[in-house]
Amino acid sequence: MSATARNEPAPISAQAWDSRFMTAALALGRRNIGQTWPNPAVGALVVRDAHTEPFVVGRGATEIGGRPHAETQALIAAGDKAKGATMYVTLEPCPHHGSTAPCTDAILHAQIARVVVALEDPNPTVGGKGIAALRAGGVKVELGVGREDATFAHAGHLRRIREGRPQVILKLAVSADGKSALAGRRPIMISGNASLAEAHMLRARNDAVLVAIGTVLSDDPLLNCRLPGMDDRTPVRVVLDGSLRTPMTSRLVKTAQQYPLWMIARTDAPVEPELTLAAAGADVMRVDAGSDGRVDLRAALALLGARGITRLLVEGGPILSAALIKADLVDEAIVVRSQKTLGEGAIPAIEGMPLEALIQSPKLKLFERRAVGDDALVHLVRS
-2 MSATARNEPA PISAQAWDSR FMTAALALGR RNIGQTWPNP AVGALVVRDA HTEPFVVGRG
58 ATEIGGRPHA ETQALIAAGD KAKGATMYVT LEPCPHHGST APCTDAILHA QIARVVVALE
118 DPNPTVGGKG IAALRAGGVK VELGVGREDA TFAHAGHLRR IREGRPQVIL KLAVSADGKS
178 ALAGRRPIMI SGNASLAEAH MLRARNDAVL VAIGTVLSDD PLLNCRLPGM DDRTPVRVVL
238 DGSLRTPMTS RLVKTAQQYP LWMIARTDAP VEPELTLAAA GADVMRVDAG SDGRVDLRAA
298 LALLGARGIT RLLVEGGPIL SAALIKADLV DEAIVVRSQK TLGEGAIPAI EGMPLEALIQ
358 SPKLKLFERR AVGDDALVHL VRS
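Position 75, counted from 1, in the sequence shown is what this note's numbering calls 72; the numbers after and before it change by one each time, with no gaps.
Bear in mind the hints are in silico, worked out from the structure with no lab data behind them. Keep in mind the model is a prediction, meaning the values are calculated, not measured. One thing to keep in mind: the hints can contain errors.
[Said to hold, decoys possible] Taking lysine-lysine pairs in the DSS-like style, the calculated list, with each CA pair at most 30 Å apart, reads:
1. K126 to K137
2. K360 to K323
3. K137 to K80
The whole structure should be built from the sequences, with the hints applied where relevant.
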């Protein structure tokens, strides 16, 4: 046997190619995550076989606003090369008529021979019907390639369909001694510049960002995405404000014409501030109060889900964080820990409980741990 023959790489199996292309489709779909709600951010590839190795002839991702869908975009890019090819798609293609024709019709019309689907869509209008339509049309369908990664990528869509609420991602910036603010709830910069940039990227990758009225009054946040060139990726800004105390002078209200601002109040909140906030551009909604007299969290999340929000980033303070943890409403937690200490008298990151109640929660498992500049990031996801 020659040295050249001995050093030839082993051929890649069909299963390995499927995994590679699905990984690429998932990466493609993530480009517009946070921008496609109420639809999921799907990725799709059209791939042709060759004598040497398969190659991509069409790519597509769900466009901003949710339309067009990834499958039709990939088919348009592929053109005539789609005939007899394989499509990789991260979520089951839709079989129903909406504002556009069904993706399954487009796939059949393009004469795709095989479709590899990562995940069945639990939406009742899809729910296996897309796969059945393709198979009835003579297309070979394989389901489950990349299922675990697709489940994470589409967690917001799955949560909204199954539970009627968005995926809740709690983000905390804490000091080395587990605090988030100075005495008197005075704000202080805890994270480094690298962590701050990552926080803005998180905003860009979620449909909405939520705070409570306490954060508005103490921090006067803007909650936009301030990364260069990404102002248009600012999520919907949501404030839990039971009695509508948000000042008209706040930065949130002053920019309500520029970035969407939704206020969720109790049903018994006064009408006059609602009219004033609405005139400034805010969208005021109401839900019942919970047993603690504050806005009922489950009702608020259900309202956001009904309005199409699939991924909700929570940047609230210690009180809201504690309430979400107690209500078992945290689906992901991102904790960025600084090397700074704030000392005695500083405010704990979670009201009335140690930080370990979140980090060591049996409801969450470690997804990622890494350094971000001088800070340490821990990402937890629901078990």
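We went through each hint and held it up to the structure:
no., hint, verdict
1, K126 to K137, "holds (15 Å)"
2, K360 to K323, "holds (11 Å)"
3, K137 to K80, "holds (13 Å)"
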